[in-house]
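Asker: The lines below spell out each chain.
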Amino acid sequence: MTEPEPTAGEDDRERELRRAAEALLLVTEDPITVELLAQLLEVSAERIEALCVELAAEYDATDRGFQLVKVAGGWRYQTHPDLAPYVERYVLDGQSGRLSNAALETLAIVAYKQPMSRAQIAAIRGVNVDGVMRTLVQRGYVDEVGRDHGPGQAVLYGTTPTFLEKLGLNSLDELPALGEFVPGADVYEALEHGLRPDPLDADTTAPVDDDGDGERAPDAADDESE
Amino acid sequence: MTEPEPTAGEDDRERELRRAAEALLLVTEDPITVELLAQLLEVSAERIEALCVELAAEYDATDRGFQLVKVAGGWRYQTHPDLAPYVERYVLDGQSGRLSNAALETLAIVAYKQPMSRAQIAAIRGVNVDGVMRTLVQRGYVDEVGRDHGPGQAVLYGTTPTFLEKLGLNSLDELPALGEFVPGADVYEALEHGLRPDPLDADTTAPVDDDGDGERAPDAADDESE
Amino acid sequence: MAVDVETPVFQGPFDLLLHLILQDQVDLYEVRLSDIVDAYLAQLERLEQMDLELATEFLLIAATLIELKSKRLLPDDGDVDLDDELALWEERDLLLSRLVECKTFKDAAVAMATIANEAGRSYPRTAGVDQQFLGLLPDMLATTTPDQLRDAFLRAVEPKPVPRVHIDHIHQIRVTVTDAVAELLDELPRIGRATFAELTADLVERLEVVVRFLAVLELYKQGWIDLQQVNSLGSLTVVWTGRPDDDELDLEDLAFVDAYDG
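Protein chains in written order, with my numbering: chain A, 1 to 226; chain B, 1 to 226; chain C, 1 to 262.
Check the hints yourself; a few may be wrong.
[Said to hold, decoys possible] Not everything, but these chain A residues come out facing chain B in the computed CB check (under 7 Å): (1) R89; (2) L92; (3) S100; (4) L167.
[Unchecked claim] Capping the alpha-carbon separation at 30 Å, the derived lysine-lysine pairs in DSS-like fashion look like this: (5) K70(A) x K113(A); (6) K106(C) x K70(B); (7) K70(B) x K113(B); (8) K106(C) x K113(B).
Think of the hints as simulated: they come from the structure by calculation, not from any bench. Ideal placement from N, C-alpha and C gives every residue a C-beta, glycine not left out.
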């Protein structure tokens with residue numbers, strides 16, 4: 001899609017662009033590149049870059065507690081450096097001292113299925129796990145253990161001695177048995193192909209029509225029908 | 001710590017409070033309670049609540065792509081619903097996975113009549129709910145909340161904060177009143193007519209007139225509330 | 001799983017009853033038997049691609065419908081027993097209040113779906129704290145047990161609930177559909193046609209009649225017999241039509257029905 005003409009409608013389009021960029025920046029866990037934003041918003045990278053610079057200046061001018069910054073080739077929100085003491089207090093408070101459910105599930109997959117690549121883990125969890133994996137590596141619970149032989153030679157991850165120590169285990173053999181609930185090989189295959197069945201759909205006996213879901217993006221709709 | 005005096009320094013303190021709150025809201029992964037924010041910022045919960053309401057209004061007024069909302073007892077940033085089409089292009093998280101009708105009906109029963117045992121829920125739905133309940137527990141929408149005092153000490157289930165988050169509600173009080181869904185007189189009559197056990201009536205009774213049976217509807221409502 | 005979006009798929013006997021009574025505006029006791037049979041067979045056919053738990057639920061639908069309908073089909077001995085009459089009304093009131101309750105929560109669920117869909121349009125921020133602060137975090141596994149790790153794994157990979165068959169409602173059946181079919185196959189070719197009342201004249205217990213009725217449905221489903229009912233609520237005539245094209249009786253189907261023998 002090309003840039004819209006500078007017509008009377010441009011203000012609305014500008015507003016929509018700015019709001020959509022803010023929404024995408026809010027939900028991203030890693031810095032999001034100008035190129036990806038441009039693709040998602042269907043405008044040129046130059047325009048996105050200008051928009052982000054403008055937004056960052058606006059947050060600065062309105063004295064927000066967060067900033068929009070460009071790091072590692074992408075844009076992301078982060079807390080204003082001034083306010084680090086509050087964030088530290090929050091972190092130390094212990095409220096965030098537990099692994100999030102997302103992190104725990106990711107760690108569990110690595111523990112039981114290692115070695116695993118990030119792509120394989122992401123396929124099972126149905127979400128990008130880069131941020132979570134970085135946390136787990138930084139905490140020393142998982143580490144690189146080798147490379148896939150296949151094309152791309154993806155980095156493979158496994159759990160560390162620290163992980164065993166923290167859980168009070170001598171070896172991986174002492175992990176609780178999965179027992180009767182282990183899904184069969186076919187399920188793994190389906191999962192690893194990204195065809196993660198929605199567990200609740202197992203009970204679905206109803207048509208997909210009745211609640212205005214039609215407005216959801218095609219991608220989401222596809223997920224549902226699988 | 002008590003509220004600061006209304007001195008010349010208050011504006012700075014207000015600004016610092018607002019900025020620190022914004023920073024903390026940005027880093028929290030779950031909705032953050034007013035109490036925790038109050039503790040971390042060393043002001044009263046009332047003041048934090050007022051601050052959050054004010055911030056939410058400000059984001060709204062400045063037409064941001066994100067919102068500050070109160071969900072499941074805490075405040076969080078989320079994307080503006082308008083922008084769902086853009087965000088859905090980017091986020092492939094299964095979190096927004098649809099609930100099947102079976103799951104929704106089961107959830108509705110738990111939400112409105114909690115605490116409930118599986119047998120009680122099954123009695124209302126007319127079908128076994130073990131599978132649906134297991135899925136709902138796994139998804140974190142319902143959880144065990146106690147045990148029945150009666151014989152057998154059945155496990156009782158209730159809804160969780162995750163359920164409230166899924167529905168974007170701050171508390172169960174925000175659910176529409178169940179009374180709104182009790183079938184009206186017309187439905188009640190149709191049901192009554194359809195279930196007439198005496199075949200002879202089938203030939204003699206014309207469709208019941210509205211006044212005649214209108215008084216039965218309150219009975220239905222009474223049944224409901226038991 | 002394939003989901004048919006054109007016609008409703010029922011989740012339980014109440015679902016189907018509600019549908020029959022409300023959507024179709026029919027009187028369960030006036031609806032022609034063939035309609036009930038068709039609905040039953042159509043549902044059962046669609047169940048073949050679904051899981052065992054669902055199939056069980058649908059057999060429960062069928063059983064419920066057949067039981068209700070069979071009450072009307074039982075030979076009327078003329079004398080109305082007041083106790084029976086009262087019991088029937090009581091049963092109806094019970095069913096009525098359950099249907100009303102079921103309908104209430106169905107409607108509440110629709111409203112909840114709307115709320116959830118609206119809420120689903122907003123996505124929360126989950127990025128957490130910046131990396132620079134992570135070093136401050138205490139041991140994040142301190143409160144985690146190996147069992148919690150296992151649960152997390154199962155949560156991550158579980159695609160669907162483990163199917164489980166619900167058999168509480170059928171524990172009383174002592175006669176099997178297979179037996180009843182065998183008896184009918186022995187008798188019908190000789191006499192050609194008979195009313196259902198005649199076919200059940202020697203039976204004492206209601207359950208036996210219900211099972212005999214199931215057997216009739218099975219034979220009808222597989223094309224061995226035809227069913228005739230001239231008037232609503234009139235007597236049902238069973239007509240022997242002989243072997244269908246594939247002349248083997250599918251005993252697997254019968255075994256399926258009889259799996260509830262418990």
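Asker: Confirm or reject each hint.
Answerer: How the hints compare with the structure:
no. : hint              : verdict
1   : R89               : holds (5 Å)
2   : L92               : violated (10 Å)
3   : S100              : holds (6 Å)
4   : L167              : violated (22 Å)
5   : K70(A) x K113(A)  : violated (36 Å)
6   : K106(C) x K70(B)  : holds (28 Å)
7   : K70(B) x K113(B)  : holds (24 Å)
8   : K106(C) x K113(B) : holds (14 Å)
When held up to the earlier numbered hints, the structure conflicts with 2, 4 and 5 and fits the remainder.
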